[in-house]
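Visitor: Just need the whole structure built from these sequences, with the hints factored in.
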Amino acid sequence: MTRARTLDVPVLARVEGEGAMHVRIRDGKVDDVRLRIYEPPRFFEGFLRGREAAEAPDITARICGICPVAYQTAACNAVEAARGVTVSDAIRAMRRLLYCGEWIESHALHIYLLHAPDFLGYPDALSMAADHRDLVQQGLRLKKTGNDVMELAGGRAIHPVNVKVGGFFRFPTPQEMARVRAILDQAADDAEATLRAVAALELPEAQMAYHFIALDPGTGEYPLEDGRVVLSGDGVREPDRFALELFDERIVELHVEHSNALHARLHGVGSYVVGPLARWALLGDRMTGRAAALAAELDVARPMLNPFASIVVRALEVVYAVEEAQRLIDEWPADPGPSDVDVPVGAGLGYGASEAPRGLLVHRYRLDDDGLIADARIVPPTSQNQAQIEDDLRTFVQDHLDLDDAELTRQCEVAIRNYDPCISCATHFLRLHVDRD
Amino acid sequence: MSVPLVIGIGNPDRGDDAAGPLVADAVTSLRPDIDVVRLSDPLALVDLLAGRHLVIVVDAALTGRPPGTVGVLDVSDSPLPGERRGSTTSSHGLSLGDAIELARALGRLPDRLLVVVVEGDAVELGQAPQPIVLASVTEATTQVLAMVDGGIGDR
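Here the protein sequences come in this chain order: A and B.
So the first sequence is residues 621 to 1057, counted in the working numbering.
So the second sequence is residues 80 to 234, counted in the working numbering.
No false leads were mixed into what you were given.
What the simulated footprint calls covered on chain B by chain A, stretch by stretch (three residues with Cβ under 8 Å from a Cβ of chain A suffice, anywhere in the stretch; the number is not a length):
{"id": "1", "region": "112-125"}
{"id": "2", "region": "182-192"}
Simulated crosslink set (EDC-like; lysine to aspartate or glutamate; CA at most 16 Å straight-line):
{"id": "3", "chain 1": "A", "residue 1": "Lys764", "chain 2": "B", "residue 2": "Asp120"}
{"id": "4", "chain 1": "A", "residue 1": "Lys649", "chain 2": "A", "residue 2": "Asp1022"}
{"id": "5", "chain 1": "A", "residue 1": "Lys764", "chain 2": "A", "residue 2": "Asp809"}
{"id": "6", "chain 1": "A", "residue 1": "Lys784", "chain 2": "A", "residue 2": "Glu672"}
{"id": "7", "chain 1": "A", "residue 1": "Lys764", "chain 2": "B", "residue 2": "Asp126"}
{"id": "8", "chain 1": "A", "residue 1": "Lys784", "chain 2": "A", "residue 2": "Asp962"}
It should be emphasised that the hints constitute simulated quantities derived from the structure, not laboratory data.
Every residue, glycine too, gets a C-beta built ideally from N, C-alpha and C.
Guide: So, in structure tokens, the structure goes:
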């Protein structure tokens, strides 16, 4: 007799975008796992064709309301690479500051409103807020500080308007920077309290064998707003390094029938992980100051192979981003020079990347002689993580077949949220279907 | 006494969902003495309510009533009725009802919180609002100003 069970979640909650999960179990074996992304395709790569290169940051920012800076920055990096332009240290520092704001805002949203309820035993953040008022206040305060940093550097928090190819329309004034610098001290305390709180959570146990991919900025810093070299490895052995220009050769994107997002595979490896776990595994030794001290004190494993502990690494990155924002403002030069460099119109092929809150984001543009985009490719983090999410679910379900359908389904949803999947970005909301008898 | 705040919620480029921002625009041009905010993410509402005397939120609604119908709901002491918890047309963040309840749980509600809903039934991205919904923007604006001037916040 064949024993079959099916777990189905038709609409995944607390993820960005529209998706569903389907798991089928036959004779005690998981035989089919599908993370189905049914949010309609977005066609951004098509929209970009024929547009001026200078429009790429503003058009691609619209891919996501949570991580617009990631798209804007990678687009600028790609167009500048296509035209052989490098920006000044001050422009790079301002991009990093803007990006710190996005990490703080996006990570705080995920930690407090999307993921913490899973580990504190609440169906949603609303129910959690009634019992953990101070905790939620702390999270909202952090998120708001992230927004304030984005407004400072980007002009506004959602879809910033101050970013342009070559730099910024203007740099913030010292007075504007001082105002935000003042609130970052509170954010530093909130970030440390957040890390201590999530490090003390009772998380489900799991140990995966991961292959990680992250961007090496080449500056000795923790990866964030730029990089020309991709690191690939398990976080234990010395990682492979390849130039960003080889991304198309190394990463194959496959269409799978059940998803409107492409599945990414690393040539010769298969599924892989991008995001906080990957950055921490491959470049965690670049953490500095309070973040490094807290990671040591709290004994945060590196590499971290328990996907449920991604919330801890995310909280560690918030500590780092707040401290980095403080440093960037403190070290801002009295005379930063022009806020942009000239990017002459013309042809070229350019790759640009940045580390979005959810992981590596790669843009590639081919420009024609008139500086119009002839061809565009955008590889967002969630489509890269999609195959690994399915692998995690396969392993997790196989190891927890003793759970009833309701609890197994709930824990699968938690496992998906480990990746803070941004399905809107990847498509190109989640329904779970578990099939067993 | 604090200045009344009008918050228009919605995506101006998503058909009838533009009703909230359009009312906000109308209030801005008619009455510079009233604070006006436009939001696409209801979560941001949580930070705007505390310490206010009167806040009026304007949002499009899809409840099945005829498009263009304008309604006023007082949510000062009770949740937004008829909204299923966790339901939202946005893929990012919370629904309006959830954001209001989060603010309530955190003790951040103003003295009086009213929600003006403009009924719509077409929220396709990139579409303009239907004429009947555009017409009701004027009615909703008139009601918002009447509430501000009628001292509805005083109770």
